[in-house]
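Participant: What follows is each chain in one-letter form.
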Amino acid sequence: MKVKVKQYPKPPEGSWTEHYPELGTAPVSYESSISPEFFELEREAIFKRAWLNVGRIEQLRRKGSFFTKELAVARTSLIVVRGMDDEIRAFHNVCRHRGNKLVWTDDPREEAKGSCRQFACKYHGWKYELDGRCSHVQQEGEFFGLDKADYGLVPVHCDVWQGFIFVNLAKEPSQSLTEFLGPMNTAIDYPFHNVTERFYYRGDIRSNWKVFLDAFQEFYHAPILHGRQNPVMSNPEYQRLGFYTMHFQIDGPHRVGSTSGGAGGLLPPEALNPIEGVMRSGLFGPWDTADIGTEGFPPGLNPGNKKGWGLDSFQIFPNFAIVFWETGWYLTYHYWPTAHDRLLFEATLYFVPARNVRERLAHELAATTIKEYALQDCGTLEATQMGLESRVVSTFPLGDQEIMCRHLNKVVNDWVADYQRSRAEV
Amino acid sequence: MADALLPPEFSYLEPFARDWCLASEPERYAKRLASTMDEMQAFYGALFPRAEEAIAYLEKFPLHDLPDDARRLLQLLYSLIMVSFPVEIWRQPYLPDTGTASFELKDEPVP
Numbered sequence: 001m002k003v004k005v006k007q008y009p010k011p012p013e014g015s016w017t018e019h020y021p022e023l024g025t026a027p028v029s030y031e032s033s034i035s036p037e038f039f040e041l042e043r044e045a046i047f048k049r050a051w052l053n054v055g056r057i058e059q060l061r062r063k064g065s066f067f068t069k070e071l072a073v074a075r076t077s078l079i080v081v082r083g084m085d086d087e088i089r090a091f092h093n094v095c096r097h098r099g100n101k102l103v104w105t106d107d108p109r110e111e112a113k114g115s116c117r118q119f120a121c122k123y124h125g126w127k128y129e130l131d132g133r134c135s136h137v138q139q140e141g142e143f144f145g146l147d148k149a150d151y152g153l154v155p156v157h158c159d160v161w162q163g164f165i166f167v168n169l170a171k172e173p174s175q176s177l178t179e180f181l182g183p184m185n186t187a188i189d190y191p192f193h194n195v196t197e198r199f200y201y202r203g204d205i206r207s208n209w210k211v212f213l214d215a216f217q218e219f220y221h222a223p224i225l226h227g228r229q230n231p232v233m234s235n236p237e238y239q240r241l242g243f244y245t246m247h248f249q250i251d252g253p254h255r256v257g258s259t260s261g262g263a264g265g266l267l268p269p270e271a272l273n274p275i276e277g278v279m280r281s282g283l284f285g286p287w288d289t290a291d292i293g294t295e296g297f298p299p300g301l302n303p304g305n306k307k308g309w310g311l312d313s314f315q316i317f318p319n320f321a322i323v324f325w326e327t328g329w330y331l332t333y334h335y336w337p338t339a340h341d342r343l344l345f346e347a348t349l350y351f352v353p354a355r356n357v358r359e360r361l362a363h364e365l366a367a368t369t370i371k372e373y374a375l376q377d378c379g380t381l382e383a384t385q386m387g388l389e390s391r392v393v394s395t396f397p398l399g400d401q402e403i404m405c406r407h408l409n410k411v412v413n414d415w416v417a418d419y420q421r422s423r424a425e426v
Numbered sequence: 427m428a429d430a431l432l433p434p435e436f437s438y439l440e441p442f443a444r445d446w447c448l449a450s451e452p453e454r455y456a457k458r459l460a461s462t463m464d465e466m467q468a469f470y471g472a473l474f475p476r477a478e479e480a481i482a483y484l485e486k487f488p489l490h491d492l493p494d495d496a497r498r499l500l501q502l503l504y505s506l507i508m509v510s511f512p513v514e515i516w517r518q519p520y521l522p523d524t525g526t527a528s529f530e531l532k533d534e535p536v537p
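If you read the protein sequences in the order shown, they are chains A and B. Okay, so the first sequence: first residue is 1 according to this note's numbering, each after it adds one. Okay, so the second sequence: first residue is 427 according to this note's numbering, each after it adds one.
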């Protein structure tokens with residue numbers, strides 16, 4: 001098959017990277033990905049100060065719906081709950097009496113979800129309203145001057161953008177969620193509420209969260225690491241010339257990359273795995289565009305306004321990504337560090353709910369395909385972590401296609417430096 | 427056949443039904459890893475040429491109100507998708523170069 005590897009115009013500075021001069025072009029250090037001490041700083045400087053996405057409102061459909069979120073990176077667990085007033089709130093998952101973890105099922109280390117009228121502690125039966133107020137103290141008369149009003153659950157700042165529930169663990173966040181997300185992200189107006197059929201994957205991976213995330217914010221590796229799986233990428237032209245991203249954009253700590261499309265309907269049969277032709281689906285998702293229920297193209301997507309647009313990969317600092325695909329579906333990634341050399345990786349695919357077997361099968365193939373790709377990344381990134389930890393090499397060159405990796409590296413270092421400065425001033 | 431699992435039109439697939447009518451992706455993935463290439467090739471070889479026919483048959487029913495035998499036929503198609511990766515691409519049950527990495531589906535649409 002003949003393919004034409006497309007290259008796209010770069011900014012007048014000659015490269016995407018030099019368009020953002022603060023990034024520099026020098027080789028970068030990955031010491032921040034192999035140092036346990038640096039990870040301790042990241043906990044405080046980043047994960048206890050940035051807004052973190054912990055889920056979507058569809059996970060809390062009714063008054064009293066809740067889920068818990070384990071945040072090993074902040075050494076805490078949260079309860080996220082829809083109250084009787086329909087307000088979504090977040091609390092630390094800790095009973096005020098003697099510190100027992102309040103909400104869990106079977107295994108205290110696992111996340112829980114469900115629906116309830118109030119939370120009751122398994123240990124001594126203290127109870128809490130869905131808005132956090134302490135409503136019952138067992139044998140209250142035995143306590144000394146105890147006022148239940150002083151013993152509500154410890155709240156966490158919580159806000160919702162486009163149905164995504166964010167928390168901020170700071171006592172007083174320095175920015176509102178909207179300010180934090182900035183103009184590039186908040187320009188997105190997508191009918192997420194219509195795209196709710198959900199496949200949720202998670203994996204426990206032995207690599208630093210940034211080392212792992214970096215593989216999901218460059219497409220440079222696609223024809224090589226994933227070449228065998230995909231007949232298009234394994235084409236000699238891609239193998240020889242590589243793959244180019246259409247558009248990069250940086251806004252504050254956040255970044256986006258856009259690439260061309262590739263839903264297989266346009267490709268000749270020899271460019272497809274046979275199953276793709278039958279299911280009309282594959283790497284770029286279902287071939288047939290779903291009706292997401294909007295008139296026209298959703299605002300905020302394809303920020304470079306490129307012809308032949310296929311997907312946007314919005315990287316929302318620090319550890320959240322939304323990828324929008326041209327045929328009317330999206331997915332999210334979350335990268336939750338659990339140690340300096342380990343992370344919990346979550347991938348969630350969202351489709352317009354299937355109306356028939358054919359649509360459902362197209363979703364199944366798209367989801368299974370993503371898993372095959374992700375597993376290839378998982379194995380390789382454990383290998384990268386091992387290579388970095390040898391400390392044989394201390395700095396690494398990043399090309400223009402890897403501008404987003406360079407940017408994350410810089411933002412993390414900046415946030416940590418800012419935190420250290422603020423500590424020094426105290 | 428009194429103990430048939432699949433719609434009569436697809437009785438030729440009965441030999442595969444007990445093994446491959448699996449309701450969830452984790453079961454299908456585990457079955458893939460536990461199978462030989464010969465077993466998956468035989469299943470793929472039987473179903474793939476008739477997959478379009480099976481989809482057309484299933485399209486006659488509402489997705490959320492499938493008769494039991496049709497639901498099992500749909501599960502066979504999900505299993506076909508699962509084995510297509512080892513059969514069409516990898517030539518082995520597991521992905522090359524993935525070590526002990528795991529990536530598990532914890533929540534999926536039903537059916």
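It is worth saying that the hints were derived from the structure and are not from the lab. Predicted model only: the values in this text are computed from it and were never measured. A hint or two may mislead.
Within a straight-line C-alpha distance of at most 25 Å, the following computed SDA-like cross-link-like pairs (lysine to any residue) qualify [stated by the list, open to error]: (1) K113(A) to S528(B); (2) K127(A) to L177(A); (3) K69(A) to K486(B); (4) K532(B) to K307(A); (5) K69(A) to H226(A); (6) K410(A) to P353(A); (7) K532(B) to P353(A); (8) K486(B) to D288(A); (9) K486(B) to D107(A); (10) K457(B) to G471(B); (11) K457(B) to P108(A); (12) K410(A) to F396(A); (13) K532(B) to F396(A); (14) K532(B) to R198(A); (15) K457(B) to T196(A); (16) K113(A) to G471(B); (17) K457(B) to R202(A); (18) K486(B) to V352(A); (19) K10(A) to R228(A); (20) K457(B) to E372(A); (21) K486(B) to I292(A); (22) K113(A) to V154(A); (23) K307(A) to E372(A); (24) K532(B) to T196(A); (25) K532(B) to D107(A).
Participant: Hints broken by the structure, by number, lowest first?
Facilitator: Numbers 2, 3, 4, 5, 6, 9, 11, 13, 15, 16, 19, 23 - these are the hints that the structure violates, sorted from lowest upward.
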